[in-house]
Structures are given as C-alpha cells and as structure tokens.
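Top to bottom, those sequences are chains D and A.
Quick note, the first sequence lines up with residues 1 to 994 if you use UniProt numbering.
Quick note, the second sequence lines up with residues 1 to 360 if you use UniProt numbering.
Don't read these hints as lab results, they were simulated from the structure.
One thing to keep in mind: the hints can contain errors.
[What the hints assert, rightly or not] Computed Cβ-Cβ distance ranges for the label pairs, DEER-style: (1) A:R197 / D:A177: 45 to 55 Å; (2) A:G26 / D:Y137: 54 to 64 Å; (3) A:R197 / D:L34: 37 to 47 Å; (4) D:E324 / A:R197: 53 to 63 Å; (5) D:S862 / A:E80: 33 to 43 Å; (6) A:E80 / D:R878: 33 to 43 Å; (7) D:S49 / A:E339: 55 to 65 Å.
[Stated by the list, open to error] Pairs of lysine-lysine residues, derived as DSS-like cross-links and limited to a Cα-Cα distance of at most 27 Å, are as follows: (8) A:K192 / D:K32; (9) A:K341 / D:K20; (10) A:K73 / D:K29; (11) D:K863 / D:K23; (12) D:K24 / A:K192; (13) A:K192 / D:K29; (14) A:K352 / D:K32; (15) A:K352 / D:K165; (16) A:K341 / D:K24.
Don't be surprised by glycine CBs; every beta carbon is placed ideally from N, CA and C.
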Amino acid sequence: MAEITIRKRPRTEAVVTQRKFFKKTARGKVIKVLRERYLRDDVACGIHSCGLCAHEADVLLPSSGSLHHASFGDGHFVLPDTNVFLSQMDLMESPLFSPPIILLQTVMEEVRHRSLPLYNRLKALVKSDDKKIWTFYNEYRSETAVIREEGESPNDRNDRGSIRKATAWYNDHISLARPPVRGQARPPLPTVVLLTDDVANRQKGEREGLTCMSVTSVRRYVEGLPESSQLLDLLAAAGSDSIEPTQAVAARQALYPDYLPTATLLAGIKSGQLHQGHFNANAYNYLEGSVSVPAFEKPVLLIGREHMNRAVQGDIVAVEVFDEKDWKAPADEVVDQEATLKNDDADDSEEEGEDDEALAERKVLQTELAKQTSTTKQPTGRVVGIVKRNWRSYVCHIDSTSLTSTNPTSLSQQTVFATPVSRLLPRIRLRTRQAPALIGQKILVTIDRWERTSRYPEGHFVRALGKVQSKEAEQESLLLEFDVPYRPFGKAILDCLPPEGDRWVVPPKSATDPNWRDREDLRDLIICSIDPPGCQDIDDALHARRLPNGNIEAGVHIADVSHFVHPDTPMDHEAAARGTTVYLVDKRIDMLPALLGTNLCSLRPHVERLAFSVIWELSPEAEIVNVRFTKSVIASKSAFTYEEAQIRKDDPKLTDELTESIRLLNDLARKLKAGRMAAGALNLASPEVKIQLDSSESSDPIDVEQKELRETNSLVEEFMLLANISVARQIQETFPQTAVLRRHLPPPKTNFEKLQDILKKRRGMTLDVSSSGALAASLDVCVDPNEPAFNTLVRIMATRCMLSAEYFCSGSVARDTFGHYGLASPIYTHFTSPIRRYADVLAHRQLAAAIGYTPLHASLHSKSHVERVLEVVNKRHRMAQMASRASVEFYVGLALKARSEKETVIEDAFVIRTFRNGLGVFVSRLGIEGLVTFKCEIQFDADNYVITIPSGGQDVSIAVFDKVKVMIEVEQDKNTQRGRVVMSLSHPIDSRGM
Amino acid sequence: MAAQLVSKSERAYIQASLQATPPLRGDGRGLLDFRTVLLETGVAPLANGSAKLNIGKMPHEGGGGTEVLAATKLEVEDVESGDGVDGGRVVCSVSWCAIRSIQLEPIVQLTKDSSPSAYPHLSSNALDELQYDLTVILQQTIGHPSLHPQNLTIIPRKKSWLLNLDAVILADAGNAVDALFMAARAALWDTKVPRTRAVEYQAPEDSQTTRDSASAMDVDNREAIPTASGFDTREMARTAADFELPDYWDEGEVLHGRERWPVCITLNLLPPSHFLDATPPEEASVPLRMHLMYSFASPSTPKLQSMRLLGPGELNSAQIKSYISEGEKYARELFNALESKLREEDVRRNVKARDRFAQR
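Go ahead and model the full structure; you've got the sequences and the hints to work with.
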C-alpha cells in the first residue's frame, strides 16, 4: 500500500505554491484567480531506459535521440520554444521532420494562450503515431519549476525559467542517468537542443552555459538535416528575417494603412463606431469586397486595395463606415486580377510604390467612379483592423511567369507567385527552392503574414498535391479547399465498431437479449427501400398497409445508427467533427466507418436490421390520426431504385403486396404534397446535373445530363418530410431547451429587390415576396410559353436570393423563428439520414430518450454543447455542398474538354447578369455559369439591364433573360496551368475577337 | 472600548495602582509600553492586500491578545452608470468574527445571531452599534479626501476602482482601535492595484477619410476643412470606454501615497497621568480615552487626521493641546515600528521566499 501523507503547506511558501493572476470578465470586472501548485520529483523525462525515471507510458523517446543531424553526431533531442510552434507548425507536422521532440508544458500552455487553432494542431501532433513527442510537465517538477521575478514579463519568465532551465535540466539529467562505468570510456551522450528563433533567448541561453551548439535557430537546425531542401520550404516566411536582413523595412513604402491595435478595435466595436463582420471578396472584381454587419441592411462595401487593407476571404474584420455622402455603389465591371496585374514581378513589386500596376489599378477604380450612374448606393467603408484571421492552407498553382529560372535542376531559392484556385483570394508570394518542379502541379500554400509594405501576402509551400488535371490531385485539392476531413478513420474509432465486424447480425429474438430490449418485431411487415441507383448507405425504408378501420398505416424506418454510435466515444467525436458525409462525383467521404454506413446500419434487403420507426395512422385523405415512435427490427423485402419502383408501380399486371404498398404510399404522398403546397411550400430549383461516368474503373466522364425526377422521388421525399416534422414536434416537446431542430429563416425582402426589378423591367412580371405562399404562387405564373426553361431559371435565381437552412438548438432562439420557410412548416428537423448526417444522430438520441428507450446523455442536456456541435455541423454541411458542386463543375469541365476536342461546343444559355464589359450567362443543360467578356467598347444601360454591342453598322442589344448561344471552350491558363471554361457568344452575334 | 463590566472596587484598585509611584500595571508594563505586536501581511491570497495583526499574544498560552484581520478588495465600477465615482472611492467596514463561537456552541445557535467571540458579553444590538461606531471612525479617517490614493482611476470619467477595506476583529483583548488602524494601514500598504491600460478608439479626422476615398482630390480643398474647434464636444465621445490588463500575472502597483495611511494612538487618560495600550479592565477603569490618528507623509510632517474623545471625563483645551503633542510622539514611534515591519514583510514574502526556493 502506498503511504499517503498530507503535508500542510505553510503560508510562507505561498510565492512558490500559489500562482495568482488577474482575469477580466466579459462584463468588465477584474477577478483575481489563485491556483495551487504542487511540485514533485517524479515527473518523468520520457527517454527510453532512463535510469532515474520510472516510465509506464508506451510512447517513449529513443534513448540515444536522433542520430541523423550533421551537427549532433552523438544523438540529440529537440526542445522547441513556443514561437517555433506558433510560426513553424508546418515544419513540425511534416513527416520528414522526425527528430524526437520534447514538448514542455510551458510551451504548450503558451501556444494555447496565443492561438487556439495552432494548439489544436499541436494536440493532434502529440497524439499522432508517426511523431515521437514527449510532453514534459516542467512546471510540476521541482527542479524545473520557476517563479517569477519582480518586474519580469511573462514571456521572459517562460523563456528564462521554463524553457532554458528545462533544457539545462535535461542535459544534466541525461548525464546523471548514464554514469560512466569504471574501466570503460564514457559513452557519448545525446544532447538536448533548444530550438528557438528568438535571438535574445538564444544569446541568453548561450551565456547561461547551455553549450553553444545546443541552442540553435530553426533554419540552422533544418539546414543540417538530410532532407533540408524540402524542409526549408516549409519554413514560414517569418523565419527568414533574422537570417537575411536584406532591406530595412522602414525604407519600403507602406502600401496599406496600419491596423489599429486589437484592444482599440474591440473598444471601437463595443462603442458602435466600428463594425465587425466576415470579409467577403468579390469573385468578379478583385478590387472590391464587402462585409455584412448587423448595423446595416446592406453589406458594407470596400472599394480598392487600401480599403480592403489586407483582408482575406473569411477573415473577421473591423470596418469603419464613411459618412453617407461618400457611399458608393458596387462596381458593375468585371476586373480580373490576372489581366490587370500580369506584369507584376514577384521579387520587387514592393520596391516602388507608384509602379505601373498600381497606376493601372487606380485607373480601373477611377474609370469606375466616373462611369458610375446613380444606382443604389450602399454603405462604404474601410478595414481598420482584423479581429480574427481565418487563414488556412490554400490550393494554388505556381505562376510560371513569375519564375526567374525555369531550369529544372535549379535549386536556387526563388520568389514566385502562387495563384489560389479560388477567385476570392489574392495571389500569394512565396519563396521556394523547388519552383521549377512545382510548375504544373497543384500545391498547398499557407499564408504566413501580410506586411503593410507588401502588396501581396507572403506564404510558404506546404506540399504538392499532384499534377494539375489529374483526378487524384483535383479531388484532394477539392477536399482541402472546402476543409473536408478525409483522413482514414483511426484505430480508436474503429475500435468502437462491434467486434464481430461484418459478421454481426441481429441476434435471434429473445426476451433477455439486450439488442431486443424494448424493440418491436416488424420483420413480417412488407418493407422496402427506394433510393438512387448504386446507393450503398440505405438510411430509410417504407411500408404502408390498410387497416381494418379504413385508415392506412404508414411507416418510415430509419437505420438505428444510435444503437452503434454511443455518445462520447471516439467514433462519436469523429462523426461530430465530420458532420456529414461528402459526396463527390467519384468519391464518397464517409461520416461513419464503412462497416456501419454501408453494412450494419444500411437497411439492405433480405437481412434483419435494427431500425428506428415512425409509424402513422393516416386517414385516406392523408391526415395524421395518430403517430408513434419505436425502436424496431425490420427485414426489408426489396431495395428499389427510383426507376424500378416507378416501373413496378405503373405496371398494371402486378398486384402483389409490395406493389400495392408502393401504390398506397404514392397515393398518400400525392395528397401530402398537395397539402404542403397549399400551405405555401416553395418549389425551389437548383441546377442539378448528373455526370455519366464511363465505367467505375476509368471514371472518365462521357456526358453530362440533367437529373430526371420521377414520381417515386417525390414519394420518398414526402414521407421523409412527414417523419422529420413528426419527430421535430416530439423532441421539441420533450426537450424544449436542447432539441436539435432545423430552420429556414424567411429571406429579407431586400434580397429580392434586384430580381424583382429585373423581372419587372424585362418581362413585366411581378414577384410577390410577402410570404412563402405568395412567392410560390407568383413563381408559378412566371412562365414564358415559348421557353419552358424560363420558369426554372427564375426559380434558380429566386433560390439564390434566399438564406440557407441551418440546424439550431431550440433553446437558443426565439420560438417564433423556428419555422422552415421553404417547406412552410412551423417546425422541422433532420431525422431520416443518420448514416450521413450527424444532426440526425443527435435527433435519434433525443427521440430515443423522449420515448423512454434510453436516458438522454448529459451532453444533450447542455445547450452550449448542442450549440457548439451544431455550429460545426452547419459549417461542414455548407462546405460539403460546395465541395460536391465544385466536384461536379470539375467533371463538367472534363466532359467539355473531351467534347471540344471533337467539335465546337455550342450551347443555349440564358443571360443572368449584365456588366459594363460583359455578360453573366447560365448554361442550363450543363448547370454551369460563365462569363462572356468584351474587350471592345459596348454600351451599358444598367437601369434596364441591357448591353448594346456595335457590330458593323447595326447594334445588337442583349438583356437579362435573353436566350443566347454560347461557344464553350476549355482553355488552359498558360501561366498557372489552371483549366478554365471560357465562353464567347455565337448567337445573336459572334463575339470572338471582340 | 466596549465597557467590560468591572466592579467599583476593582476599578478603584486599578486606578489607584496606575496613579501610584511608580505606577503599577497588571501585567507589569510601564505606562507607555505596548504589548508585543505581531504582524503578517499577505494572509489572504485572493485579496488585493491583507494583513493580520495581534497585540498581546501570549506565546506560552498559545493565544490571547487583540486580533484583527484586514483585507482590501478592488472592484471595477462604472462611473457612467452612476455606480462609481470618478477617481474611485474607498469604502471601509468593520465586523466581528463569529467563527469561534460557532465552533464551541451547539449547532442550533448557528441559525440565530450567535454572539461573536470578540464581545461575548454584549447583546446583538450593542454589537451592531459598536460595529457601526468603528466603521464610521475607520471610514471617516481612511476615506478622507486628503488621503485618497490617486491611482484608483481606470479610465477618467468612465471606470474606476472601488477599494473595499474590510476589517474583522477576531478577538478583543484591549486597544482594539489601535489594532484596527494598524491592521488597516498594513492591508492598505500591501494593496496592489492591477495595472490597466485604457483602450480607446480614435476615429480618424474627416480630412483623412475624404483624402483616402478620393485620391484625385485637390490639395487646396484639404486646407479648406476647418480645424477642430475647442467647443467641439464630439471628441469626448470618441475616447471609447474600455481597458485591458496588459499583464495578467502582475499583482500591480502599490496604492499611491501609501506612506500617508494613518496610525491611531489611544491615550487612556487618568489625570494627571495617561497610559497606552490598555487591557480591557484598564479600559473600563479610565474616565476618558483619546484616539489620535496621525498621518506621516514623511517623518518630519506629522498631520493629525482625526481625533476622538471617549468617556464621561472632561478636558480643557490646554490639556488637549498637550495630549495631542504627546500623542504625536507616540504615534511617530508606532509609525516607525510599523513601517520597518511592513518593509521587512515585503522582503520576506518576495525576495527571501524566492531565494529559499532557488536554494532548494
């Protein structure tokens, strides 16, 4: 038995044992916080076979450290300071950077204090298997604990005390742990190397007697590694400053105004003089951006580089709004960064403030100002500071013209431009030694900083993704660009799966079996599933039968995912972090491991599966008489595709039970839909196309076709809506504070202003947006008898004016904002696809608790926890949609390229926007949008949305909603190797060369 | 102070022995001798300043003596909402500790107003009065504008510190007022005000804005914009109201003018003689007591901050004058002793503790 002694701590030791600090609360109060600290002598060093420390952990640093560094032949460990993690995280994460690392608690805490995202990356790094990192709790080991000196800043204390002292201690400890054996030469001792870029810290360390070589800068250290040429590129740009102090920064002319200090910003925002919001770059005009702020109905417009002041898409910025007399209207011209700035030189662009490019930009802005008509003005302002940077890694191409040397063997360091794939981002300047090799590749680049003296942000190369246009590279770049987590599931997650693996079956029915507890046996019901072809994750199945009393029993059976995914397990956390399954054209990124998604949870035919059933008693008019929820066991009788189900239903010869049940369901669905439409549900449209893949192996797209919608699609949809609404009511009633619901806020009327104006002026049609029902009705009459596609086009444009639906926690918003605008339902949730959506898993758990099947996990009682989870899910959901859309676009591009090699591609298109120098068009057959630009002078009537093109005597006018023919080519940008779709008019006028 | 019940004969005995030549006191002290004073600062880690003071502890008996605990706590106050006062304010309070009686007496009494151990013989009404009297003395002396520390302002006209000085009399074995003031002085001496940095947002001048938005503007126009007028009160609204803690680890700076905090010396008057540091029976035996609160901004500039006379006796102005000058002498001695102890405490708690830590 271990002896337990309680030692009373005398107050005289307070300075050692107590850590006091102040905290300012959100309400502006100042609190004094006191932490007790207990020092001990048995905090382990983490080095394998250390004679002095007892180790129990299995992750240990090798006893001789790493032997691969040129300067440390006797082996070494690396002990990085905080700034190394703050600025060189990419280096640390690189698989090539493999020395054993000692991570001090002080460093970890300081990283957390300075940057939460980096701290999370650091935590992931510590956990990853391929890194040897030992966390040393130096603040709790009595020899390495330090107390703060009078007048010492926290940073100095950390540097002095914690980091340097720990390094010294480690080196002592290693030599103590390996005493020389008499009669033998003392074995070489590995060194602990303090890695720091802080010159002062380095000098102090050397003065304090840490051996000269054991304190080193990151750059010098990396240069000694075998893979240095590749690793050096990963160094953040900031790291190069101390090494190459080329020019005094002050000598350069500042191109941007300075940011206000953070505290000032917050004070300004608090007092209402500044406004905070997300920065949105304008995809059509790189010299313009906007920030939506609560104080104004319209977003605040930022015109010109100086006013955007180094904000990057997604950053949270603070803007100052000008006086109303200085407000401007957004530009109506397409300004392409590449066209305007093509001669910019990566090396010396900042040297002259008034170079040609700056002048060119100014000219563009001025012409715009001059041409500006009295169109609606909106709040205009400038960015005065950044509240939070949301920089991540961006997928880019190297701009080949910015290279000084294209010699493929050249290893000299060059400064080059990387052009991000997204049009919303500025070019990034980076230094690399591998520039020639990276041409024609997709690469990942991180922005490090954006000085006010530099026109472009500076970044560093992270890794190459592969050749441009190769499917793997494109796919990965898509996933990275939309921040989709796509790593394979880790061991801890797979350990949560049932141990039987794919041999798991529903055990035979018995009263004692836990799997059968409180489950209804529905195996005899005639249940089937209807899904798109090739669907493997079957979430839902249906049944319907007539009851003796004339009513109809209908059931929706959803895969019982919550039976397998338990709260607060690694699998649950991973699913919550992924939020949703992402469907790309040729790949699916699962939210849950495939064993569950496509097998154990998937309601496949002819096998018994666990389900969560919603069973209604409906009147023949499809009114709900009664609804109940139950866990069940089902055996689906068949899995149809939409097409098969349709054919079966329409075949009069078939009268078997299954077919009858489909017909019954279909009848009900028609009535349900009619009811929904009468209540004012919207029939929205978004361009949906399907990519025809040649075969599963080659996955070369042959053609693009529009998705066909059958009656059976609507059948499934109606019942899913019904189930979701019923479940939403139930969980909201039981858990009014934390129910997981989904809502669609009514769009602000101003969103429709432009569309209403266009419709009125071009077609004489009115759009009534007073309610969803009125909108639905007025959309129904927006038809052009000659052009059936016109109505769809209007619907697409109306859809774009709306807000997107979102998950929310019922206790967090007002009761009257629960409604789902598009579905015209007062309450809604997602329940029917737990395999591919995490919100559904939560809804399942809440419903299970609501029917008393299981108690609700504590986390689902916490409003803040639910809110936090749903925030992630909402973001992932949005990203997943964008990723799938981008994936479709990429394949459309590939298909177009293949087609245009055989023939000129000419497609019908609608004009959806007019610019001073071009047209925005929508090609409905391909579901893509494009831009037709004119170099020659054209007349532009912004009020009437008409442009007039002079063409050999007679002018041709084109207006919004006009149908034109466009010629589509896929052109590869010579500089960036980026494939892009280029459109030009072919009818009513051939605009090539114009 | 609180009249302890002594019989007439007891009182006559004590008075007679004090007036004898040489004067005799129950514990063998001279008339002007203090009992042992024990002081420790920094006893309450969560307070901004604290001190515990004991007069007359008997080491062999493991207790006894007058014991006072004083602590200061700083609170942020909003001046604009009317809660606080521009420049900060000092609020004092004195109370009794009830803990000891809780330990001793049955639990039933906890719910009631259990009589505190410092004055077990007093009724709760009398206690309230006593408590109020002491609070008033402390508040009127310590909270006097002439002693107000200058660094209680966070943002002028917006935010300021409220300095709460709370003193608890744990036990009264005579001379509680002197003990109270010493403890208060020590706690205030020990008080550290967290360093704050005012944060403001200064909207750029209009000329700047217009110049930025229209680069083509003429130079002449710029000069035409009138310079800001002195009557332009909009400027005042622009300095926005918030502050930050630049260093959350730092305890902060000491209160300005901390050497000015007064000490109290109580003269127990038994004409023609007087004596210091009375025990409770002695307190009950004198007709008149005089509290003199002296502040020493420097040893050569004594300042009488306040004075109280307690008891049924009478004094003429010549006597008062002589007592005041006598009192100044004692106060100076007490002040010097306290001052050196406080500085010693500072060293003990910081430098020495660190050295000891470093030498482990």
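Hint-by-hint comparison with the structure:
In this structure the supplied range 45 to 55 Å holds for A:R197 paired with D:A177, their Cβ-Cβ distance being about 47 Å. Remark: the range hint 54 to 64 Å for A:G26 to D:Y137 is upheld by a beta-carbon distance near 58 Å. For A:R197 and D:L34, the hinted distance range of 37 to 47 Å is not satisfied, since their beta carbons lie about 23 Å from each other. Checked against the given bound of 53 to 63 Å, the beta carbons of D:E324 and A:R197, roughly 34 Å apart, lie outside it.
Distance hint check for D:S862 and A:E80: the Cβ-Cβ separation is about 36 Å, which falls inside the suggested range of 33 to 43 Å. Taking the beta carbon of each, A:E80 and D:R878 are about 41 Å apart, inside 33 to 43 Å as hinted. At roughly 59 Å, the beta carbons of D:S49 and A:E339 sit within the given window of 55 to 65 Å. A threshold of 27 Å between alpha carbons decides the hint, and for A:K192 with D:K32 the separation of about 12 Å falls inside it, so the pair holds.
Between A:K341 and D:K20, the direct Cα distance comes to roughly 24 Å. Compliance with the 27 Å bound is thereby established for this hinted pair. Simply put, A:K73 and D:K29 have alpha-carbon atoms about 12 Å apart, close enough for the 27 Å limit, and the pair holds. Under the criterion of a C-alpha separation no larger than 27 Å, the hint pairing D:K863 with D:K23 is consistent with the structure, at around 25 Å. Distance restraint check for D:K24 and A:K192: the Cα-Cα separation of roughly 16 Å lies within the 27 Å cut-off, and the hinted pair is therefore satisfied.
A C-alpha spacing of about 16 Å is found between A:K192 and D:K29, which places the hinted pair at or below 27 Å, so the restraint holds. The straight-line distance between the Cα atoms of A:K352 and D:K32 is roughly 24 Å, inside the 27 Å bound, and the hint therefore holds. With a C-alpha separation of about 21 Å, the suggested pairing of A:K352 with D:K165 holds against the 27 Å cut-off. With a C-alpha separation of about 33 Å, the suggested pair A:K341 and D:K24 falls outside the 27 Å cut-off, and the hint is violated.
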